[in-house]
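Listed in order, the protein sequences are those of chains A and B. Mapping to my numbering: the first sequence position 102 is 106, numbers consecutive. Mapping to my numbering: the second sequence position 148 is 152, numbers consecutive.
Do not take every clue at face value.
Which copy is meant is left open, because identical chains are indistinguishable; a pair holds if it fits in one copy or across any two.
[Said to hold, decoys possible] Here are the simulated BS3-like cross-link-like pairs (lysine-lysine), alpha carbons at most 30 Å apart as the crow flies: (1) K22 x K47; (2) K119 x K22; (3) K54 x K22; (4) K54 x K159; (5) K159 x K119; (6) K159 x K22; (7) K47 x K159; (8) K54 x K119.
Keep in mind that the hints were calculated from the coordinates and are not lab data. Note that the structure is predicted; figures quoted are calculated from it, not measured.
2 protein chains.
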Amino acid sequence: MEKTGLEKGGIYRHFASKEELAVAAFDYAWEATKQSRIRAIEKLASPLAKLRGMVIDFADRPSITPGGCPLLNTAIDSDDGNPALRAHARTALRGWIARLEELLREGMDAGEIRKDIDPPAIASLLISTLEGSIMMSRLLANHSPLQSACQQLEKVLDEIAVSSH
Amino acid sequence: MEKTGLEKGGIYRHFASKEELAVAAFDYAWEATKQSRIRAIEKLASPLAKLRGMVIDFADRPSITPGGCPLLNTAIDSDDGNPALRAHARTALRGWIARLEELLREGMDAGEIRKDIDPPAIASLLISTLEGSIMMSRLLANHSPLQSACQQLEKVLDEIAVSSH
Numbered sequence: 005m006e007k008t009g010l011e012k013g014g015i016y017r018h019f020a021s022k023e024e025l026a027v028a029a030f031d032y033a034w035e036a037t038k039q040s041r042i043r044a045i046e047k048l049a050s051p052l053a054k055l056r057g058m059v060i061d062f063a064d065r066p067s068i069t070p071g072g073c074p075l076l077n078t079a080i081d082s083d084d085g086n087p088a089l090r091a092h093a094r095t096a097l098r099g100w101i102a103r104l105e106e107l108l109r110e111g112m113d114a115g116e117i118r119k120d121i122d123p124p125a126i127a128s129l130l131i132s133t134l135e136g137s138i139m140m141s142r143l144l145a146n147h148s149p150l151q152s153a154c155q156q157l158e159k160v161l162d163e164i165a166v167s168s169h
Numbered sequence: 005m006e007k008t009g010l011e012k013g014g015i016y017r018h019f020a021s022k023e024e025l026a027v028a029a030f031d032y033a034w035e036a037t038k039q040s041r042i043r044a045i046e047k048l049a050s051p052l053a054k055l056r057g058m059v060i061d062f063a064d065r066p067s068i069t070p071g072g073c074p075l076l077n078t079a080i081d082s083d084d085g086n087p088a089l090r091a092h093a094r095t096a097l098r099g100w101i102a103r104l105e106e107l108l109r110e111g112m113d114a115g116e117i118r119k120d121i122d123p124p125a126i127a128s129l130l131i132s133t134l135e136g137s138i139m140m141s142r143l144l145a146n147h148s149p150l151q152s153a154c155q156q157l158e159k160v161l162d163e164i165a166v167s168s169h
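Please work from the sequences and hints to get the whole structure.
In structure tokens:
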């Protein structure tokens, strides 16, 4: 409502249902979050630096949406009752996984990431550890879980790096 | 309603509000989940074996509550609007963290876990990785994220073990 300047009734008139409005709100929040996270790492030189930058960005900078990660919230909230919303959350998650797999493969091709790693498993591990620690940090109102998660993920990234010696 | 044999109106008559009913439902689901997870590992001999057993149990056996992990769901759902419910979820999470820290310290005292580890960080990492991967596996209807998470956590437990050679 803030963004559009419309009254509540005015917003509803643009959508056929509350479900459709929830989908549009998720798509908007996800796109804003994604762009903000991309901007934080786009200038980093290499695929591995971008992956490391993403982890550090999560530890350093909270979500730009006030309610926390829109993907996590929507995945849980849409568990029953709004299949269209759930489909959008699933597409968002698949897109994130695909982008991380792509960065991992680029790093493998560039010789900075080991060729014996499993990109889908690492991509999934990065996301699940970040998302779970966001849930914990928010519930406890304490930054430590997110910091522990990020330290561990930096170790994982160290381990998949081609060692320089 | 199934458990009590009461009609819907009958259930509401026992609680002062919908919020209070939600708290009672969470406490019931959390206690049942906890007991089920404890039973899965109680016969394991050592603290480290119990921690490993917990991780394997999450990978092998889905939540006994149909909606998935009650803690994860309640942490997200109570983010606005039900502070009493949120307080119960927070207490549940703190209890889980405390139990894992206790197992880690018992393992340190017994000489099977390295004395230079940080129990709160490891406890937090175990929970956040499990919870985040449950969210992913449920949203994608695919077991892989949970399996990747558990493989990684088994590696973490290998690393904190006092090496036998």
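From the Cα coordinates, with 30 Å as the cut-off, is the pair K22 and K47 best called within, between, both, or neither? Neither: 39 Å inside a chain and 50 Å across chains, both beyond 30 Å.
Are the CA atoms of K54 and K159 at most 30 Å apart within a copy, between copies, both, or neither? Answer is both; intra-copy 15 Å and inter-copy 25 Å each pass.
Have a look at K119 and K22 and pick one of within, between, both or neither, based on CA distance no larger than 30 Å. neither (47 Å within a copy, 54 Å between copies)
Which holds for K54 with K119 at a C-alpha limit of 30 Å: within a copy, between copies, both or neither? This pair counts as within: shortest intra-copy Cα distance 18 Å, inter-copy 34 Å.
Cα distance capped at 30 Å. Does K159 pair with K119 within a copy, between copies, both, or neither? both (18 Å within a copy, 19 Å between copies)
Alpha-carbon proximity between K159 and K22, which holds within one copy, between copies, both or neither at 30 Å: neither (43 Å within a copy, 45 Å between copies)
Evaluate K54 and K22 at a C-alpha cut-off of 30 Å and name the case that applies: within, between, both or neither. neither (38 Å within a copy, 46 Å between copies)
Is it within a copy, between copies, both, or neither that the alpha carbon of K47 lies no farther than 30 Å from that of K159? This pair counts as within: shortest intra-copy Cα distance 22 Å, inter-copy 33 Å.
Checked against the numbered hints above, the structure breaks hints 1, 2, 3 and 6 and satisfies the rest.
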